[in-house]
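Undergrad: Residues per chain, in single letters:
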Amino acid sequence: MTPQRIAAKFLVEPDPAAAVALEPVIGLFHRFIQEQSLPGLLLDVADYAHVPDGPGVVLIGHDVDYGIDLSDGQAGLLVVRKRFAGQAFGEVLRDTLGRALTAAQAIGQESDLGLRFASDALTLHFFDRLVTPNSDEAFESVRGEVEPVAECLYGAASYEISRVRSEDRRKALSLSIRGSGEIAPPSALIERLSA
Amino acid sequence: MSHASWKQTLEGRIDPGWAEEIDHFEGQLELRRQGKIEEKVFAETRLRRGVYGQRYDNGKRHDGVAERPLAFEEKPTKGPDTLWDAPGMQRIKIPFGGVSPEQLEVLAELAEDYSDNILHVTTRQDFQLHFVHIEDTPDLMRRLAAVDITTREACGNSVRNVTACPRAGVCRGEAFDVSPYAHALMRFLLGHPDVQDFGRKFKPAFSGCEHEACGLVQMHDGGYVARMRDGKRGFKVVVGGGLGPVPHQAQVLSEFTPEEELLPQMQAVCRVFARLGEKRNRGRARIKFLVAKLGIEEFRRLVEEERVTLPHDDRWTAFLDDMPHTSGEAVLEPGPLGDAGRSPGFEAWHRSNVYAQRQEGYAMATVHLPLGDMTSDQARSLADIARRFAGENLRTTVDQNVVIRFVPDAELPALYEALCAVGLGAPGAGTIADVVTCPGTDTCKLGIAASRGLGSEMIRRLQAKAGTLPEAVEALSIKASGCFNSCGQHHISDIGFYGNSRKIDGRTVPHFQVILGGQRQENGGSYGLAVGSVPSKAVPLAIEALTGAFAEGREPDESFQAWSARLGKRSMRELIKPLMSVGPYAEEPEFYSDWSDVREFTIGDLGVGECAGEVVSLFGIEVVKAEAQAFDAQIALDDGDAGGAESLAYAAMLSAARALVRTEFIDVTEQPEDVVAEFRTRFFENERFFDKYAKGKFGAYLLERHANPDTTVDDALAARRIEEAQLFIEAAHACEARMTAEAAEVPA
Ligand code: SF4
Numbered sequence: 001m002t003p004q005r006i007a008a009k010f011l012v013e014p015d016p017a018a019a020v021a022l023e024p025v026i027g028l029f030h031r032f033i034q035e036q037s038l039p040g041l042l043l044d045v046a047d048y049a050h051v052p053d054g055p056g057v058v059l060i061g062h063d064v065d066y067g068i069d070l071s072d073g074q075a076g077l078l079v080v081r082k083r084f085a086g087q088a089f090g091e092v093l094r095d096t097l098g099r100a101l102t103a104a105q106a107i108g109q110e111s112d113l114g115l116r117f118a119s120d121a122l123t124l125h126f127f128d129r130l131v132t133p134n135s136d137e138a139f140e141s142v143r144g145e146v147e148p149v150a151e152c153l154y155g156a157a158s159y160e161i162s163r164v165r166s167e168d169r170r171k172a173l174s175l176s177i178r179g180s181g182e183i184a185p186p187s188a189l190i191e192r193l194s195a
Numbered sequence: 196m197s198h199a200s201w202k203q204t205l206e207g208r209i210d211p212g213w214a215e216e217i218d219h220f221e222g223q224l225e226l227r228r229q230g231k232i233e234e235k236v237f238a239e240t241r242l243r244r245g246v247y248g249q250r251y252d253n254g255k256r257h258d259g260v261a262e263r264p265l266a267f268e269e270k271p272t273k274g275p276d277t278l279w280d281a282p283g284m285q286r287i288k289i290p291f292g293g294v295s296p297e298q299l300e301v302l303a304e305l306a307e308d309y310s311d312n313i314l315h316v317t318t319r320q321d322f323q324l325h326f327v328h329i330e331d332t333p334d335l336m337r338r339l340a341a342v343d344i345t346t347r348e349a350c351g352n353s354v355r356n357v358t359a360c361p362r363a364g365v366c367r368g369e370a371f372d373v374s375p376y377a378h379a380l381m382r383f384l385l386g387h388p389d390v391q392d393f394g395r396k397f398k399p400a401f402s403g404c405e406h407e408a409c410g411l412v413q414m415h416d417g418g419y420v421a422r423m424r425d426g427k428r429g430f431k432v433v434v435g436g437g438l439g440p441v442p443h444q445a446q447v448l449s450e451f452t453p454e455e456e457l458l459p460q461m462q463a464v465c466r467v468f469a470r471l472g473e474k475r476n477r478g479r480a481r482i483k484f485l486v487a488k489l490g491i492e493e494f495r496r497l498v499e500e501e502r503v504t505l506p507h508d509d510r511w512t513a514f515l516d517d518m519p520h521t522s523g524e525a526v527l528e529p530g531p532l533g534d535a536g537r538s539p540g541f542e543a544w545h546r547s548n549v550y551a552q553r554q555e556g557y558a559m560a561t562v563h564l565p566l567g568d569m570t571s572d573q574a575r576s577l578a579d580i581a582r583r584f585a586g587e588n589l590r591t592t593v594d595q596n597v598v599i600r601f602v603p604d605a606e607l608p609a610l611y612e613a614l615c616a617v618g619l620g621a622p623g624a625g626t627i628a629d630v631v632t633c634p635g636t637d638t639c640k641l642g643i644a645a646s647r648g649l650g651s652e653m654i655r656r657l658q659a660k661a662g663t664l665p666e667a668v669e670a671l672s673i674k675a676s677g678c679f680n681s682c683g684q685h686h687i688s689d690i691g692f693y694g695n696s697r698k699i700d701g702r703t704v705p706h707f708q709v710i711l712g713g714q715r716q717e718n719g720g721s722y723g724l725a726v727g728s729v730p731s732k733a734v735p736l737a738i739e740a741l742t743g744a745f746a747e748g749r750e751p752d753e754s755f756q757a758w759s760a761r762l763g764k765r766s767m768r769e770l771i772k773p774l775m776s777v778g779p780y781a782e783e784p785e786f787y788s789d790w791s792d793v794r795e796f797t798i799g800d801l802g803v804g805e806c807a808g809e810v811v812s813l814f815g816i817e818v819v820k821a822e823a824q825a826f827d828a829q830i831a832l833d834d835g836d837a838g839g840a841e842s843l844a845y846a847a848m849l850s851a852a853r854a855l856v857r858t859e860f861i862d863v864t865e866q867p868e869d870v871v872a873e874f875r876t877r878f879f880e881n882e883r884f885f886d887k888y889a890k891g892k893f894g895a896y897l898l899e900r901h902a903n904p905d906t907t908v909d910d911a912l913a914a915r916r917i918e919e920a921q922l923f924i925e926a927a928h929a930c931e932a933r934m935t936a937e938a939a940e941v942p943a
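Protein chains in written order, with this note's numbering: chain A, 1 to 195; chain B, 196 to 943.
Hints are not guaranteed to be accurate.
[Stated by the list, open to error] Part of the chain B face toward chain A, derived, beta carbon under 10 angstroms:
1. Pro271
2. Pro282
3. His325
4. Glu330
5. Arg338
6. Met569
7. Ala621
8. Tyr888
9. Lys892
Worth flagging that the hints you see were computed from the coordinates, not collected in a lab.
Glycine included, every Cβ here is placed at the ideal spot set by N, Cα and C.
Please take these sequences and the hints and turn them into a complete structure.
TA: Structural data, given as structure tokens:
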């Protein structure tokens with residue numbers, strides 16, 4: 001069964017712990033809405049810059065949210081896919097990553113902003129306490145869905161999946177994927193996902 | 196692998212009555228989705244369960260260039276003009292703000308699973324989750340119900356969350372702990388048949404004492420102040436307070452209601468309100484209008500009469516038998532605060548965020564949440580911290596913070612470190628940097644200006660100045676509302692704001708009306724008064740001008756309220772006057788957008804985009820006269836001339852109406868009869884003056900005053916008339932803006 005929400009986070013490079021100027025992101029996200037630059041039904045911009053280690057600035061959509069997220073003290077692009085009833089887990093996973101990489105590319109092209117995202121690693125969160133509780137069993141089941149997608153991105157045997165945030169079972173189930181060897185540019189990764 | 200639903204998973208863990216209600220709601224939801232029940236009926240049903248609409252849920256949004264439709268799938272609506280798939284807000288009632296670590300953990304999960312990872316504390320001790328889809332709400336409610344939280348009557352024309360001072364039970368000055376009474380009142384009235392037929396909502400609040408600020412009972416529909424008489428517990432009961440467009444101070448219903456009479460008396464109040472309160476005109480339907488209309492003596496007589504007829508109910512007193520006699524147990528032994536283990540920043544945090552409890556050796560620590568927001572991770576950490584230091588003792592506050600009670604003094608340095616580690620160690624609780632705001636244009640459909648954007652900017656600026664401001668300035672309060680409805684409680688802060696707009700250079704400029712000298716002490720004992728509107732982007736400078744003048748000019752120990760009253764509104768206005776004007780768009784474009792928003796400002800998603808027009812309209816020139824009269828009315832009231840103030844306020848409404856009429860009929864005379872007749876036919880009867888939400892409320896202020904002048908005028912009436920005049924003028928501005936936009940839309 002597919003969880004209600006799947007989120008992918010790509011960290012800012014070179015230093016995700018460095019401060020990020022969020023004010024220009026507000027303008028950018030409003031422009032993205034005007035120009036419909038990202039996939040999904042885009043609705044509004046929510047500013048949470050005042051919350052320490054919070055969601056930062058979020059482009060709220062109907063089926064997807066895009067945010068410059070500061071959680072865990074690590075700035076990154078967090079893309080939350082939602083409202084996809086009836087779709088298969090793997091399909092939603094690919095779609096989530098495709099959208100995240102598309103957004104990473106679009107934001108990365110904004111030279112004034114100076115935000116780039118590392119594509120050799122990402123974190124996935126599964127927000128659904130019924131379908132994907134933060135348990136060993138759920139992790140194994142999710143891993144089975146994630147592996148083909150990770151392989152598609154980074155190639156067979158060129159990635160590592162590890163569970164994160166497992167020390168606190170109240171948190172959503174999360175895992176990280178780290179690619180090794182030569183990492184293709186985001187445009188190529190997007191193509192692979194949609195192939 | 197198939198999974199059980201939340202309904203199956205939580206079976207047996209939810210109060211059967213609550214479970215049935217949620218099932219019923221889910222059934223209604225499905226029926227509406229199939230188009231089998233009326234949208235209005237469903238809207239009422241969902242609102243009573245705290246499921247609100249949110250900004251742009253009519254499917255239209257101005258993106259800064261043009262108003263564009265939001266391409267949601269075609270489905271039945273959730274209510275009039277409210278699209279099914281548009282995200283909404285879920286309000287979650289937290290009686291007296293009491294929240295346990297377990298409940299906080301569930302709220303944290305819900306914020307991640309259904310919302311945007313933010314738990315928002317409101318000015319009425321509720322939680323709110325935003326951007327929630329309607330179809331997720333039944334499961335969300337089940338998960339809450341499993342930890343003893345209901346969203347029932349979190350909205351709708353019913354009894355809302357019962358609030359109480361967060362210090363209840365630990366306060367050094369309280370008569371006794373009011374929390375169990377607040378809890379009993381909530382339980383008794385929840386779903387009670389006598390509270391289902393109100394014309395508007397009813398907000399109750401409890402306070403443990405008369406003079407502090409925490410309970411704010413004076414601004415509530417029903418307020419209860421703990422009192423002891425001859426060794427017996429009871430309450431001073433007040434009714435008919437309220438903020439909103441026309442604020443009222445509550446009046447005394449009873450100087451002492453014994454504890455066993457608390458519930459039946461309240462039931463009688465509810466019956467009288469349901470029977471005699473206004474039902475058709477929402478703008479006059481709060482109990483404050485009924486109390487004002489009947490007079491408190493007559494209202495009291497009716498309540499007493501009703502009380503006698505009530506059939507006996509065991510629940511009136513049953514709660515007294517098993518009422519807890521403590522306000523939670525400490526988990527750690529008390530101990531004195533030592534010098535060891537204090538990290539940098541501890542002293543400042545201790546100064547502003549820690550309150551010594553009446554229980555020797557224990558303290559209450561305030562977790563300062565910026566704009567009432569915390570993340571799910573922070574909420575879980577807070578639950579852990581509470582368990583470690585204080586057990587079940589958490590409360591939300593009307594200042595949008597959370598307090599942890601029963602922390603041993605000796606543990607405060609460790610508590611501070613634990614809070615800092617998760618971004619919750621900000622000092623400044625209860626200081627000028629603890630800015631309170633309503634959601635404003637971020638999510639509220641009625642918002643005019645960005646109160647949260649302004650709040651965020653003020654927090655940033657004021658935190659940067661922490662420790663450098665004079666002590667008297669540091670102690671001030673700032674509250675902002677996105678519109679005149681006052682959810683940010685701006686009337687009771689030293690410096691308050693509510694959002695409005697002005698037409699300048701053919702465009703709309705976001706503004707905030709400045710309200711000065713409100714009083715939080717004495718349970719919100721008096722309200723501030725408006726001194727003028729400042730462009731949104733100039734508000735930080737206005738605050739600097741006001742606080743600077745206060746720091747320099749105050750007498751020793753003089754409060755902001757006393758200082759502003761001593762100088763008078765004319766002088767206050769002079770302080771902000773240099774900031775009130777805005778240059779043309781070409782020269783000062785930054786004034787034409789709001790905080791946290793780069794779009795050119797419009798009066799929201801309600802209307803069409805606005806095009807540049809002439810520099811100063813005829814209306815613009817004429818309406819200035821109305822604003823000056825409204826201001827002079829306040830001065831007259833300050834000078835003790837209630838009659839003069841009331842006449843000036845009426846004259847201000849006439850001038851604003853005439854300004855509108857003259858845009859179409861330049862030769863209208865200045866005779867009140869003529870102005871009112873023309874206003875009525877040209878703007879009121881055809882509903883052009885009507886606000887989308889308030890409808891004809893503001894226009895009716897003039898018509899009612901004109902038709903029924905009061906023969907005796909006291910201060911309260913004059914103050915109310917001034918508020919009405921200000922709202923009428925705002926509505927005239929909005930009406931003119933709509934007319935200009937419509938004219939710009941007509942093809943040449
Ligand atoms: S004051 Fe106005 S903008 Fe703020 S929440 Fe209330 S209705 Fe909305």
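Undergrad: Does the CB of B:Met569 sit less than 10 angstroms away from some CB of chain A?
TA: holds, 7 angstroms
Undergrad: Restraint: B:Pro282 near chain A, CB-CB cut 10 angstroms. Satisfied or not?
TA: Holds: closest Cβ of chain A sits about 7 angstroms from B:Pro282, inside 10 angstroms.
Undergrad: Have a go at the B:Ala621 hint: is there a Cβ in chain A nearer than 10 angstroms to its own Cβ?
TA: Since chain A brings a Cβ to about 8 angstroms from B:Ala621, closer than 10 angstroms, the hint holds.
Undergrad: Can you verify the interface hint for B:Lys892: is its Cβ closer than 10 angstroms to any Cβ in chain A?
TA: Violated - the Cβ of B:Lys892 stays beyond 10 angstroms from chain A, reaching only about 28 angstroms at its closest.
Undergrad: Are B:His325 and chain A close enough, Cβ to Cβ, to be under 10 angstroms, as the hint says?
TA: It holds, given that the least Cβ distance between B:His325 and chain A is near 8 angstroms, below 10 angstroms.
Undergrad: Restraint: B:Arg338 near chain A, CB-CB cut 10 angstroms. Satisfied or not?
TA: Constraint on B:Arg338 satisfied, holds at 8 angstroms.
Undergrad: Should the interface hint for B:Glu330 be scored as holding, given a Cβ-Cβ cut-off of 10 angstroms against chain A?
TA: At 9 angstroms from the nearest chain A Cβ, B:Glu330 passes the 10 angstroms test, so the hint holds.
Undergrad: Please verify that hint: B:Tyr888, Cβ, nearest Cβ of chain A, below 10 angstroms or not.
TA: At about 20 angstroms, which exceeds the 10 angstroms cut-off, the nearest Cβ of chain A leaves the hint on B:Tyr888 violated.
Undergrad: Min Cβ distance, B:Pro271 to chain A: is it shorter than 10 angstroms?
TA: Not OK, violated: B:Pro271 not within 10 angstroms of chain A, min 17 angstroms.
Going down the numbered hints, you'll see the structure goes against 1, 8, 9, while the others check out.
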